[in-house]
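S.K.: Letter by letter, the chains look like this.
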Amino acid sequence: MRMILFLILSFFGKGELGLAADTKTVLGVFYLKPMFAHVHQNASRYSASLTTLACGHPIKVLQSTKENGTPEVVFNGSWNLISVGPYEGYIRTEFLSPTRVDCFQDKFTKFFDIFELDLAELYYWGRLYDLYWQGKSKVR
Amino acid sequence: MIQRAATTFILFYSLTVFAQNGGAGMETVQVTPKEPKNETPTTITGSGSSSSGQATEGQILKESEVVDFNSIKELLKKDQLEKEVVKIEKVVKTEKKKKVEVKKNLFNIPGDEEFWSFFSEYWLVKNAPALKWEYQHPEYGLEETFEKLLEKFGHFEKRFKILLLNTTALYHIALPSDSSGVILLLSDPFIKHLDLSKLEIALLLFQDFLRERMGQFRHKVETKELRQELGKNFEGRALSAKIFDQVLKNYDQVIFNKGFSFQEQFELTRDMGNLLRSETTLWTTYIDLLKKLDGIVKTDNKFKDYSKIYPSPELQINWLGIKTGPR
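Read top to bottom, the protein sequences are chains A and B.
Numbers 1 to 140, taken from the numbering used here, label the letters of the first sequence in order.
Numbers 1 to 327, taken from the numbering used here, label the letters of the second sequence in order.
Same shape as in the complex, but just chain B (with noise of 0.2 Å):
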């Protein structure tokens, strides 16, 4: 009778230890004997009087935290106790399987939805010296400007960072971002030197908005690579740095040397022309800026690559039918 209750008692504190432990150590279950004697099982408990008599202290302890549920299943069930251990042994599982999947996740490549922004901005920083964005900036208000032209055409909750650098190396672009929102790069010596209005540099950036949406970048940019990590996971494997930095030569080629096609810059005037068209104040004034464009296109070395990026305001201006002429 007493040797029953010291069992039962020994029982509870065992698996007392091992819901505290949140099953800790369950995987280094020590091997008891499968047919226990006279039906008590060999409990190793922190006693002292462990299987092996030898044992160190810290086996001992070791040992006491940690039970074969197999091997005292009989008494387990006389006691109505398996129900108890069911319960623990789903919450450790749950446990475990949770901190497999954290450990998962933070191999996790981002999707495109927050990819390009991350990457757009990398590219940013690591261009920080070659485009001179750190410098104190003019308050010109462009946002309001640009939003209201955004909501005009109907593109509602999207969010925009505009940029601007002091240099021409880059004239203006916009960036993939998010899905809800662009990255809007423009030069101030460029504007300056056109003296655009607020209206004709949202127009600018209107235009750049669109030709983002349209993803005429995103698949310059794009590799097969690239296109493949997306959304992936590479747990248990090894992530090339090369992949992105083959995007980033992409960003620098589109950006500095290849631009935009014929057949691209076609679509993207085409587009703008429907829109704006029936808006009588800002169909003139992107006439009017497409003019600016083309006169410094033609008259000013320091701006002749433009048209090598966006090729060309003369074109733009003869696709949307209208005549140019000496200004």
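So that you can see chain A by itself, here it is in the shape it has in the complex (with noise of 0.2 Å):
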């Protein structure tokens, strides 16, 4: 029985030993670009959102280091890991600006305020940043 006992602890304690072993070590802090946009659960744009951020909000931009293992700042190509308030997930890369950005609803306040956005609609415009496909024609 205790055997058996020892055994699970093992088991849960070497997940657990895994998870802490996964450093996560502050970057530096970056600024949202687009309008809104959503941290999501997983790096990919289908994955769940955590949260919707607004156009330049401040994120702390993590480097994950697993045990013997090479530091990651990107994940799946093109996103990053990081941290907003008591949310931690990832961002598109693109998507984050070193310094601080001109945001719309900050340049036009009260024009802003005019279409008094709903939750669902900040939710919409965040998913339609993470849908679209873009791109940029190439300097003559």
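Since the hints were derived computationally from the structure, they do not count as laboratory data.
It is possible that part of the hints are untrue.
Unchecked claim - To give an idea of the interface, some chain A residues facing chain B are shown, with a C-beta separation under 8 Å as derived from the structure: (1) Val61; (2) Lys110; (3) Phe111; (4) Trp133; (5) Lys136.
Unchecked claim - If you want the ones that stay clear, here's a sample from chain B, every Cβ over 12 Å from chain A, calculated: (6) Lys126; (7) Lys161; (8) Leu164; (9) Asp300.
To be verified - Only pairs whose alpha carbons sit at most 30 Å apart, straight line, appear in this in silico DSBU-like list of lysine-lysine: (10) Lys107/A - Lys97/B; (11) Lys304/B - Lys110/A; (12) Lys96/B - Lys107/A; (13) Lys87/B - Lys33/A; (14) Lys152/B - Lys136/A; (15) Lys220/B - Lys107/A; (16) Lys152/B - Lys110/A; (17) Lys136/A - Lys99/B; (18) Lys107/A - Lys103/B; (19) Lys136/A - Lys148/B; (20) Lys232/B - Lys126/B; (21) Lys224/B - Lys138/A; (22) Lys83/B - Lys93/B; (23) Lys110/A - Lys126/B; (24) Lys104/B - Lys33/A; (25) Lys242/B - Lys136/A; (26) Lys83/B - Lys73/B; (27) Lys220/B - Lys292/B; (28) Lys136/A - Lys302/B; (29) Lys249/B - Lys107/A; (30) Lys136/A - Lys192/B; (31) Lys107/A - Lys232/B; (32) Lys33/A - Lys138/A; (33) Lys90/B - Lys132/B; (34) Lys103/B - Lys33/A; (35) Lys107/A - Lys302/B; (36) Lys242/B - Lys198/B; (37) Lys107/A - Lys258/B; (38) Lys242/B - Lys132/B; (39) Lys192/B - Lys152/B; (40) Lys87/B - Lys73/B.
Ideal Cβ placement from N, Cα and C applies to all residues, glycine included.
Both chains are given apart, each in its own frame, so use the hints to dock them into the complex.
M.R.: Pasting the structure below:
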């Protein structure tokens, strides 16, 4: 019986240890570029949204280092692990700016207020930026 | 002598407090005697010897922070502090002006450059359930093909956003954005049904891009009231939300009901023809695309409204001087 208990504890203990070994350090503070964007549970545009952020929101970008592994900053090609308030999740790299950004809702505060966006609309606005396929033609 | 030293000290103290407050309270300067006796200004300090003699503690503190410079002009002149006062007053004036400016800017209305990208997205958000764009989008990899097409025809540094819709309520359209951008909407079931190649889709998007550049959509949805407001400031007056409701309705009207006129469609087809005619592959692909569209409009009831929005693929083919026949 004791042996079984030991094995069970060892198993969970190992799991916990595995998580604890995944150390995270703050790389720096970045700012959100799009009007609204979602923090996702995983590094995918279809992953569940943890919260919606507004343009200009400061975001801590994390570096994750696994035990005996190389540090990871970019996940799944174009995602960053971030921390915002109580949330820790993923956001598209292209949405982050190392410097403060000029946001529409700050620039035209009273005009923006006229539209009285509700929570569902804020959510959809964030999803819009998740789902766009964006591109830009080259310089001449 | 002692009295003079004390007055000078009080003056310095008052100036320091004034400077620290950035001139705050200047507008509530207390009235002090204009012609002080014995050239000694009646400066109210926090010492408790206020002019009223019965002022409360709060009043004393407030009064100690403000100075009527006019009443002590002579003394300041003597002590060569006048320059300092002018300097401080200038700083206060600039700060006040800045504050007024910042407050006024809160009421700015975006100009053309910023309004359209905001409003097109606002329309997309408002119509999200109807347009069904929130679904797992297939990865067609259209960005690269479309980028190349833009570059080929000299549209450099143009940003685009492609949004796939899981509905045929809207087939394809370009919404206005800022001067270097465009929002391209594309019905996923529509392109699947037509079995379009990547190049055909890119040409369809390019046609929409050109239409947007020609201002065909913008001219239809813009109202006189909106034009009057863009780029202005509405401080001290109400900005009616009705103006924007009307523009939303106009978006709906153009996209779902009225579409574009024969004249607009002709001009667009002519421009497409002029661009593509010398590019054999693109030209034949474009003609094939129009033929596919013509076919689907004539044979599938689901897409019969297409000609109502874009009149009409058959006419486009004729305008391009291509003979139509049974496919």
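S.K.: If a hint holds in the structure, say so; if it doesn't, say that too.
M.R.: Taking the hints in turn, this is what the structure says about them:
The restraint placing Val61/A at the interface with chain B is violated, with a minimum CB-CB distance near 24 Å, outside the 8 Å limit. With a least beta-carbon distance of about 5 Å to chain B, the hint placing Lys110/A at the interface is held under the 8 Å criterion. At its closest, the beta carbon of Phe111/A sits 5 Å from a beta carbon of chain B; the interface hint therefore holds under the 8 Å criterion. Against a cut-off of 8 Å between C-beta atoms, the interface hint on Trp133/A holds, since the closest Cβ of chain B lies about 4 Å away.
Taking 8 Å as the C-beta contact cut-off toward chain B, the hint placing Lys136/A at the interface holds, the least distance being around 5 Å. With a minimum CB-CB distance of about 7 Å to chain A, Lys126/B fails to clear the 12 Å threshold, and the non-interface call is violated. The beta carbon of Lys161/B is not kept farther than 12 Å from every beta carbon of chain A, the shortest such distance being approximately 4 Å. At roughly 8 Å from the closest C-beta of chain A, the C-beta of Leu164/B falls inside 12 Å, breaking its exclusion from the interface.
For Asp300/B, the condition that its CB be more than 12 Å from all CB atoms of chain A holds, with the nearest at approximately 27 Å. Taking the CA atoms of Lys107/A and Lys97/B, the gap is about 19 Å. The hint holds against a cut of 30 Å. Proximity of Lys304/B to Lys110/A is assessed by CA-CA distance (about 44 Å); at most 30 Å being required, the pair is judged violated. A distance of roughly 20 Å separates the Cα atoms of Lys96/B and Lys107/A; the hinted pair therefore holds under the 30 Å criterion.
The straight-line distance between the Cα atoms of Lys87/B and Lys33/A is roughly 40 Å, outside the 30 Å bound, and the hint therefore fails. As the CA atoms of Lys152/B and Lys136/A are separated by approximately 13 Å, the hinted pair is consistent with the 30 Å bound. Restraint check for Lys220/B and Lys107/A: the C-alpha separation of about 27 Å stays at or below 30 Å, so the hint holds. At roughly 42 Å between alpha-carbon atoms, Lys152/B and Lys110/A are farther apart than 30 Å, so this suggested pair is violated.
Restraint check for Lys136/A and Lys99/B: the C-alpha separation of about 39 Å exceeds 30 Å, so the hint is violated. Between Lys107/A and Lys103/B the alpha-carbon distance is near 11 Å, which keeps this suggested pair within the 30 Å criterion. Of the supplied pair hints, the one linking Lys136/A and Lys148/B holds, its CA atoms being roughly 10 Å apart against a limit of 30 Å. Pair hint Lys232/B plus Lys126/B holds up; C-alpha atoms about 25 Å apart against a cutoff of 30 Å.
This hinted pair does not check out: Lys224/B and Lys138/A have alpha carbons roughly 36 Å apart, beyond 30 Å. Between Lys83/B and Lys93/B the CA atoms are separated by roughly 15 Å; this keeps the pair inside 30 Å, and the hint holds. A hinted pair counts as satisfied when its Cα atoms are at most 30 Å apart, and Lys110/A with Lys126/B qualifies at roughly 20 Å. Between Lys104/B and Lys33/A, the direct Cα distance comes to roughly 25 Å. Compliance with the 30 Å bound is thereby established for this hinted pair.
Pair hint Lys242/B plus Lys136/A does not hold up; C-alpha atoms about 35 Å apart against a cutoff of 30 Å. Taking the CA atoms of Lys83/B and Lys73/B, the gap is near 11 Å; set against the 30 Å cutoff, the hint holds. Restraint check for Lys220/B and Lys292/B: the C-alpha separation of about 28 Å stays at or below 30 Å, so the hint holds. Using a Cα cut-off of 30 Å, the hinted pair Lys136/A and Lys302/B is violated, with the two alpha carbons roughly 34 Å apart.
Simply put, Lys249/B and Lys107/A have alpha-carbon atoms about 26 Å apart, close enough for the 30 Å limit, and the pair holds. Between Lys136/A and Lys192/B the CA atoms are separated by roughly 25 Å; this keeps the pair inside 30 Å, and the hint holds. At most 30 Å may separate the alpha-carbon atoms for a hinted pair to count; Lys107/A and Lys232/B meet this at roughly 13 Å. With a CA separation close to 21 Å, the supplied pair Lys33/A and Lys138/A stays within the 30 Å bound.
Taken as a hint, the Lys90/B and Lys132/B pair is broken in the structure, with Cα atoms around 58 Å apart against an allowance of 30 Å. Of the pairs offered as hints, the one joining Lys103/B and Lys33/A holds, with about 24 Å between alpha carbons and a cut-off of 30 Å not exceeded. As the CA atoms of Lys107/A and Lys302/B are separated by approximately 44 Å, the hinted pair breaks the 30 Å bound. Between the alpha carbons of Lys242/B and Lys198/B the distance comes to roughly 41 Å, so the proposed pair goes past 30 Å and is violated.
A distance of roughly 35 Å separates the Cα atoms of Lys107/A and Lys258/B; the hinted pair therefore is violated under the 30 Å criterion. Distance check on the hinted pair: Lys242/B and Lys132/B sit about 26 Å apart at the alpha-carbon level, within 30 Å; holds. For a cut-off of 30 Å, the pair hint linking Lys192/B to Lys152/B stands: about 26 Å separates their Cα positions. For the given pair, Lys87/B sits about 15 Å from Lys73/B by alpha-carbon distance, which is consistent with the 30 Å threshold.
The structure fails to meet hints 1, 6, 7, 8, 11, 13, 16, 17, 21, 25, 28, 33, 35, 36 and 37 from the earlier list, while all remaining hints are met.
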